[in-house]
Each structure stands twice: as C-alpha cells, then as structure tokens.
Amino acid sequence: EDQVTQSPEALRLQEGESSSLNCSYTVSGLRGLFWYRQDPGKGPEFLFTLYSAGEEKEKERLKATLTKKESFLHITAPKPEDSATYLCAVRADSWGKLQFGAGTQVVVTP
Amino acid sequence: ETGVTQSPTHLIKTRGQQVTLRCSSQSGHNTVSWYQQALGQGPQFIFQYYREEENGRGNFPPRFSGLQFPNYSSELNVNALELDDSALYLCASSYDRGGTEAFFGQGTRLTVV
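Quick note, the sequences are listed as chains A and B, same order.
Taking my numbering, the leading residue of the first sequence gets 1, the next gets one more, and so forth.
Taking my numbering, the leading residue of the second sequence gets 1, the next gets one more, and so forth.
Keep in mind that the hints are not guaranteed to be accurate.
Stated by the list, open to error - Pairs of lysine to aspartate or glutamate, EDC-like flavour, derived with a Cα cap of 20 Å:
# : chain 1 : residue 1 : chain 2 : residue 2
1 : A       : K63       : B       : E101
2 : A       : K42       : B       : E54
3 : A       : K59       : B       : E101
4 : A       : K42       : B       : E82
5 : A       : K69       : A       : E55
To be clear, the hints were calculated from the coordinates, so they are not data collected in a lab.
For reference, chain B alone in the conformation it holds in the complex (with noise of 0.2 Å):
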C-alpha cells in the first residue's frame, strides 16, 4: 500500500456537470501528477503540480484543471463532463519533480452518464 490516498473511489455524473476529485500525496512528496486510464489503455499524463504550481501539462482540454495545496494534497476539476471523460483517474506523488518513484493512488472510477 502506497500513502497516497484518492478521493471518492467511485461517482456517477450527467454529462455536462462539473466534478472534483481529491488526491493526498504520500509523506514528504511535493509533487503530484493526474492521469485518465481509459479502458483497457495506459494511462495518459493530464498534469503535474509541484510546490502548488501547475509544472506541465498533456494533451488534454482546458476544462481539466487543478490545484495544490500547502500541504501537498491536490484536486482535479474537470468541468462540462462529457461522456468520453468517463475513466479511472489517477493520482501519483513523488518526491520532487523527477523523483526516482513515482507512487499511485488506488484511483477514482468516473462515469458519465
């Protein structure tokens, strides 16, 4: 078990509804990346924060959006949902930004409906 916790593990959403998701980084880790894992994919990177700063992001529409806390702990918000956004999306903390580790959280699973 990694101490990165994800919050909630599932949820239901209509298409066109805004959702955020929460992540809590492991002990003395600074950074957190999100990812969408679509079925039966890999995940893809969405975006990283370090020290409450948005550090890079993918591929992905400016609806996706996120924040850092002071204590590390970190949101994704994804607004206008639509029904491809349904997916697992995951947390990783690491210790600085390229950290030998990265360590995942056990995911939200979101579908829209």
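In isolation and in its complexed conformation, chain A is listed as follows (with noise of 0.2 Å):
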C-alpha cells in the first residue's frame, strides 16, 4: 500500500535559522510528489511538483528536492510570515488522486 510519512510533525524555528523537511514515500511508480503549505483554516496552497530524482525547485526561500525515495524541503532564512504546516503528497495513479501525508507544523520566531 503507498504511503506518505512527514518527519519532524512540527518545528520551531528562530528567525534566520534555516532547517530542512522530510517526505518519505513508498509509491509504485511515482507520478509526481507536490508540496503545499496550508495556513490555519485555510485550503492548501501550491508550491511545487517534482517527478523524477535529482530535481529541484526554487521558490523564494524554499527549496524541493527529490530522491528515490524522499523529498526534502528546506527553508532558507526563515521569516516568520514562513510559519504554516507543510504538506507533501504523492501522484501514484495517472488520473490524479494525490496521497498526503500529515503535514510539517512550521512555527517561525522573530
């Protein structure tokens, strides 16, 4: 059965402290792994897709990177506006349905 583990399930951090996050998955045949933030009450918002191992992606302070077997996302110089549960989630199927895990809670300090 594919599954979906997110390691540490929350983290504090110091402004300016930068930290990493994993996504484990066990998958046959990945079809795509998204990270998303989502902010209390509120819906999921989209940072990046990744597909093969070795990519990676940018977004402001964020990096997603992909192994065959984990996804890490690091946060760079966190500000506390950072502060979110972090979620990952895996495509195993051509047709769409994502797999999550249960979120990063990420909480940013000044």
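Assembly of the complex is requested from the two constituent chains, each provided in isolation within its own frame, with the hints serving as guidance.
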C-alpha cells in the first residue's frame, strides 16, 4: 500500500535559522510529488511538483529536492511569515489522486 | 489566491441530515477532486470528476456522492451525516486528470452535531 510519512511533526525555528523537512514515500510508480503550504483554516497553497530523482525547484526561501525514496523541503533563513503547515503528497496513478502525509507544522519566531 | 471557490465557508448540520457543498473550478480546468481533512491530519481523497464523470474514488462510503456540471463546477453531497463527518472539505481543480498542478479552494468547514 502507498504511504507518505512526514517528519518532524512540528518544528520551531528562530527567524534566520535554516532547516529541512522530510517526506518519505512508498509508492509503486511515482507520477509526481507535490508540496503545499497550508495556513490554519485555509486550503492548501500549491508550492512545487517534482517528478524524477535529482530534480530540484526553488521559490523564494524554499527549495524542494527529490530522491527515489524521499523529498526534502529546505527553508533558508525563514521569516515569521513562513509559519504554516507544510504538506507533502504523491501521485501514483495517472488520473490524479493525491495521497497526503500528515504535514509538518512550522513556527518561526522573531 | 487561486481561482477555485467553495461555498459555503462554514455550516453546522445535525446528525442524519444531508448536505451539499459547492465548488467552482479555476478557469480552463476540467478536473475537480474532493478531499476531506480532519483536524491535524492531511487531506484524504474522496473522488475525482473529469468532464462530468466520476474518474476515481477513495475509501469513502456511497453516502458520499458528487456531480460535475458542463461548466466544470462540482457538488459534493453527503447523506445521513455522522459526527465523524465533521471536517474541512476541500475542492481542488486541475487542467486534465494528470495535471502538473492541483489548486485548492479555501474549503468548507462542516460541523455535525
């Protein structure tokens, strides 16, 4: 059965303190790995899609990387506005179902 | 802000009642998926609609049903509501079934009492 596990569950950072979030997955045939940011009570906001091992994507202070078994979301010099829950999801079917992990809640303090 | 809008934003229902949630997809997107997100958990896939037909279904009972209209907007219907149905219901739209990006609406918070 396909599985997505995110770690840590929660992360507290000082402003400017860089860190990484992990998403490990077990799927039979990855057709995309997705990262989303979610603020409390809101819908997930799309960040990145990665398709193959070795691929990297960047957006402002965020950088996502992908290996054959896991993905990392690196947050460089975070600011308080980066506080959110970060969700990882995989697509194993051609028709679009996303399977999500439970998320990592990130709090960045000034 | 995405172009995906959901209504209502909040509602409270009594156990045993029926509810209809609505979603307008982003312009140019022909695929809509629905997810249920319980507090502290990741979203769980309910089903997907592609060009007005159900295209895939997650592990949810038949009392969860849906529709997609010619303009690609969609409805999620839940019958015989149970307390455990209390959750944030999310709609996501994408260009085609295997679209590279899926954009979510702000969600509908359903509370069953």
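To see whether the hints hold, each was checked on the structure:
Of the pairs offered as hints, the one joining A/K63 and B/E101 holds, with about 17 Å between alpha carbons and a cut-off of 20 Å not exceeded. Under the criterion of a C-alpha separation no larger than 20 Å, the hint pairing A/K42 with B/E54 is inconsistent with the structure, at around 26 Å. Of the pairs offered as hints, the one joining A/K59 and B/E101 holds, with about 15 Å between alpha carbons and a cut-off of 20 Å not exceeded. At roughly 23 Å between alpha-carbon atoms, A/K42 and B/E82 are farther apart than 20 Å, so this suggested pair is violated.
Only pairs whose Cα atoms come within 20 Å are accepted, and A/K69 paired with A/E55 is accepted, the gap being roughly 13 Å.
Taken one by one, the earlier hints fail for this structure at numbers 2, 4, listed in ascending order.
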